[in-house]
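Trainee: Here are the chains, one letter per residue:
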Amino acid sequence: MGQGLNTKIAQIVANEFQLPLDAIKITATSTGKVPNTSATAASSGSDLNGMAAKNAAEKIKSRMAEYLAAEAQIKPEAIAFEDGMVIVGANSYDFAEAVRRCYMGRISLSATGFYSTPKVHWDPKTFKGRPFYYFAYGAACSEVALDLLTGENRILRADILHDVGKSLNPAIDIGQIEGGYVQGAGWLTTEELVWDSKGKLLTHAPSTYKIPACSDRPLDFRVQLFSEGENCEDTIHRSKAVGEPPLMLGTSVLMALSHALQSVNGSSSYPNLNAPATPERLLMQSVGLDQANV
Amino acid sequence: MKDTDGSAKEGIVHKAIRHDSAHKHVSGAAKYVDDIAVPPNTLEILLGQSKFAHAKILSMDLSQVENFPGVIKVLTAADIPGTNDCSPFAGDDPIFAENVVSYLGQSVFAVVAEDIKTARNAIELAEIKYEELPAVINIDQALETGNVLGPPAVIECGKVDQALAKSKNKLEGKIILGGQEHFYLEGQAAFAIAGEDTDIVVHCSTQHPTEIQHKVAMALGLSNHDVTVITRRMGGGFGGKESQGNLPAIVAALAAKLTGRPAKLIYDRDDDFILTGKRHDFQISYKVGFEDNGLINSVIVDQAMRCGMSWDLSEAIAARAMCHAENSYFIKNMRITSHRLKTNTQSNTAFRGFGGPQGIVGMERVIDHVAHHLNVDPLLVRERNFYPHKTSATHGITPYGQTVHDCIIQDIISELKKTSDYADRRKDIEKFNKNSEFFKTRDFSYSCKVWDFLQCKLFKPSRCTATCLQ
Amino acid sequence: MDTLPIVGADGGDVRNYLTFILNGKTQRVDNIAGDMTLLKWLRNQKSLVGSKEGCAEGDCGACTVAIVKTDDTGNLTWRSVNACIVFMGMLEGCAVITVEGLNGPDSELHPCQKALIDFHGSQCGFCTPGFVMSLFTAWSNKHGLMAEDIDDTLAGNLCRCTGYRPIVEAGLSLKNAKQPQWELDRNEILKKELLKIKSSEPVEITNGKNSFSVPTNYEDFSTTYADQPSSTIVSGATDIGLWVTKQNRNLSNMIWTGRVKEFSKIDQQEDFIIIRPAVTHQEAMEKLGSKWPTINALWKRFGSVQVRNSGTVCGNLANGSPIGDLPPALIALGSLIELTNRNKKRKLPLEEFFIEYGRQDRHSGEYVSGVFVPNKSGNNFRCYKLSKRFDQDISAVMMGANLSVEKTKITKATICFGGMAGTPKRATEVEKALLDQPFEPQSFIKASKNINKDFDPLTDVRGSADYRRKAAQNLVMKYGYELTGSFVPNLADRNQVENLVS
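These protein sequences, in sequence, are chains A, B and C. Per numbering that gives the first Met the number 0, numbering of the first sequence is gapless, rising by one per residue and ending at 293. Per numbering that gives the first Met the number 0, numbering of the second sequence is gapless, rising by one per residue and ending at 469. Per numbering that gives the first Met the number 0, numbering of the third sequence is gapless, rising by one per residue and ending at 501.
Keep in mind that the hints were calculated from the coordinates and are not lab data. Predicted, not measured: the structure shown is a model, and the values here were computed from it. Hints may be right or wrong, so weigh each one.
List time: in silico DSSO-like cross-link candidates among lysine-lysine, alpha-carbon distance up to 30 Å [to be verified]: (1) A:Lys197 - B:Lys50; (2) B:Lys433 - C:Lys448; (3) B:Lys128 - B:Lys55.
Given these sequences and hints, build the entire structure.
Mentor: The structure is reproduced here in structure tokens:
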């Protein structure tokens, strides 16, 4: 999608060739170059494209290795890609030189990679099967403050521990987690869509529809990747998808607000808090509780 | 050759490398669709939108729009050489409404003009006569009138009713969850140039270039190979650019094709809100049977979701919501029923989590309600019901029949309890709340299990699973 | 075109082109529509596409650019503004810096840009140029990059990807960054260039259809407007900009207050602080905010830095919005509004200016020429704003309140609400109920019930009638608790909230 996918793919390819990252050029996605792709969606970007990119790189590497080995009259297994160099027996070439040799030797230097997720199946009639290759796990602990006179509230502190398998890029993964949490919290608190009875959407601009602003992030925001994380399935470098999962961590904010209402002195009935829990909904809910206890 | 997954160093993966475009982002050099330098003869397009949620189109007089100085062409359904559809698969999303409009804001025609200001001035001169029809706007109305896209879908495991009846405690309740606008900072955007023969190139901000390629070809009556779709980057998508980019891309391509000039369709913020689908709003009703120790025996969940005027991706989203309905809890007896409701509103679509978040919030609400009833920390109820740890002798099975063999939620919770200082803070907060009349704080630990991605293949077999990179 | 020629004070003709500096290069711009926005011009005419359109209403900040001027002492002052709602005429005599104009020699990135990279502050990148520019103006002003004010600096920039934490940390890191020599040199050159284009000539630009007049003194302004009362007075364009970008309205003649030299002043008299038409919220906030912390806190939640840097106090009042944040506060302070028609001036209590929804006591040819805020209002003045989101939101309910206490009794009360009626309106029944009552919470609790007699609010997207009533009652109570010393922290105030973190 572009929030970090391209970077991860570049890392994967650089790693295959053992090249520095700036040797990898990222260009636009074009159906003329790569037809019949899946959407960048459902958190699948790195899983699918990472594996496919690795597959493509491996093809090129093995062609290069085969040619360079034959040229040097050694076994292809003796060829190694290391530190921007290609080691060919006793010789070593820098990558560009190795590529030039292969080119002159009429070796194909482009490849298409392919990957389809194994093990999954689903019967849409019975709704049974294995729709998911693996699961990602995470937990969040949110502390909120709620003003019972106005319904205003703040996220005071959020602690998150999330499993991304073996992270392909911790900075990007933490970015996804933080961003997902805040987006999830926004969905459940300030982001309210209003249609009138005629079906007209009344909230159709940032003036009326309120996504989280800078000060809405948790005052104290502690995000960690689960350090022992490692995908037990054979995913790209044992990582796990990170695009969608963290959004659900924002649920903890709604639940914390529900708890704050439950702790209204003397209340006993369950608050039945709906979302988005706007200041209005929280205030009116707390009033309802008050009245229920009169 | 050495295996890089094995002995060779993995120096560059697992590292916190900066975003590949970061230097371009900060210097304003990262180009998005509307930033592409376009030829001076490029046309700009504005969509004419329905003024009613549900109405018959009695007549359409667009002659004044057409004659407005600077307007090059007006496009309606009659101008579409191929199929008048921009849906991802169900065939129920017209590019331009014909005969009937199905939501307020729906695309009815398009003005292709020298510039957007001209298009804005011209569009006000459209004369469309409607006959209003009864509209179904929200979930309650749809449930009442039985307005559905398809019959209810059910996932069931165990002996739900028996287990509920035998439970010591029973609760029922309902939570209403609003929808969510994607609010990607960059609105939907497409720029099309017709080339030689029947070629057409479309630059667009999309998560799904291949689908756009196919939909453009279908609408323009071309072969897929006539159409090239290029996407460098998006200014955010979050699911909102999985299927919703089809319409602007097709209209831009159509305009370019019919006028022979490059054409651009960028939704401004209001149009983007009003035209495009959002996260589905849900009403989730539940019944739960449980023991005094917090063990949940049986859960019955009814998920009513507002799909809008067409399927879009709602079938898969409904399934995903159902497949997340138990979250990370091993519920041996569970029935999940999904009501896919048809309404005269924007056709709701993919949004980060794809139904999963709604399913999960529903289950977290059940846990919260149970804990409230038992007057215990909800975390205890959570821990009581987690799927067995991956090292357990037996694994849990989801309501849809998948064995959960990789569960590590217990490890995560126990570490997070320590690092967040959960127990002490909880005590502090309880003390604070007792002493505070107007001011409440409360913390809470929440766990989730979240899923991989495969619903698209499962529910949309027409799509290819291949992907690759140069 | 029936525009009357404007005659300068010195009798000279009006200049028909604009002069300003764009990323270090002096521009001469003529033959341009009066309603052309800076963002459109940058993107379409100059191919500077780094500034993005995210909303075209000044709410997302993706189009943020810096506007630079020199102050009275010759120092540079920097303002971040939303280019999507700045009209070109408002640039006369200024320098504009866009994200493309930040880097140093050999494309060296500016420290603000580097920081965002280092802290992984961009994901999709679309909002990033706006964040860069907000940080850059704070950096240049040497104010706004500390923990206590970074949220305010960034409140006008929306990001949907990051959750803001890395951007905030990038901003905070800048306080230790060294200013490059090339930037110091560049600023020196900019100062000189700004001096060169300094003038007091009036300007009018037009494309033959839409004109934008930039008078430079009070007489010109008054005469022009009295002669052409159908023209639109523009101050900060934070509302009128939207008439163009959102409502596609055709404004044939606009007159701008921003360069009228008498209009940019805050006059301090013995009894009043006088805010003139071109005084921005940011300027007024700096003046009044130090006097009343409560109004400072309110102002911080007024739009965003970008909006406050453009929008004016007088414009906010003239606009007559029933949900404006300032009128209840200013009414509670007992402010007067001054209206001028040519040379005729009249003053009236601010609350009387608002007659009914959409109608103010402003005659044809009259304009709002000043707000008179009493200098000596007491310590019991408080403002409360309720909105869905703390920052950058329009209030659902807004209360400004003030009272006098003598010998433990309430002797005078002014309680004014926004969002509760078609105009900002005083809660007279609540006020009555407070009079002569003991200065204790119980009096406020009792009086708050009278909200129902005072108001019959509407239901709209910002709040239901029931919520507005209940919230307004509670605000009266909250005011009472706060004045009498109960613990009622204000969650809008970050510093108070920080003390709550366990």
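Trainee: Please go over all the hints and tell whether each is borne out by the structure.
Mentor: Against the structure, the hints come out as follows:
For the hint linking Lys197 of chain A to Lys50 of chain B, the alpha-carbon distance of about 10 Å falls within 30 Å, and the restraint holds. For the proposed pair Lys433 of chain B and Lys448 of chain C, the alpha carbon gap of about 27 Å is at most 30 Å, so the pair holds. In summary, the hint linking Lys128 of chain B to Lys55 of chain B is supported, as the alpha carbons are separated by about 8 Å, within the 30 Å threshold.
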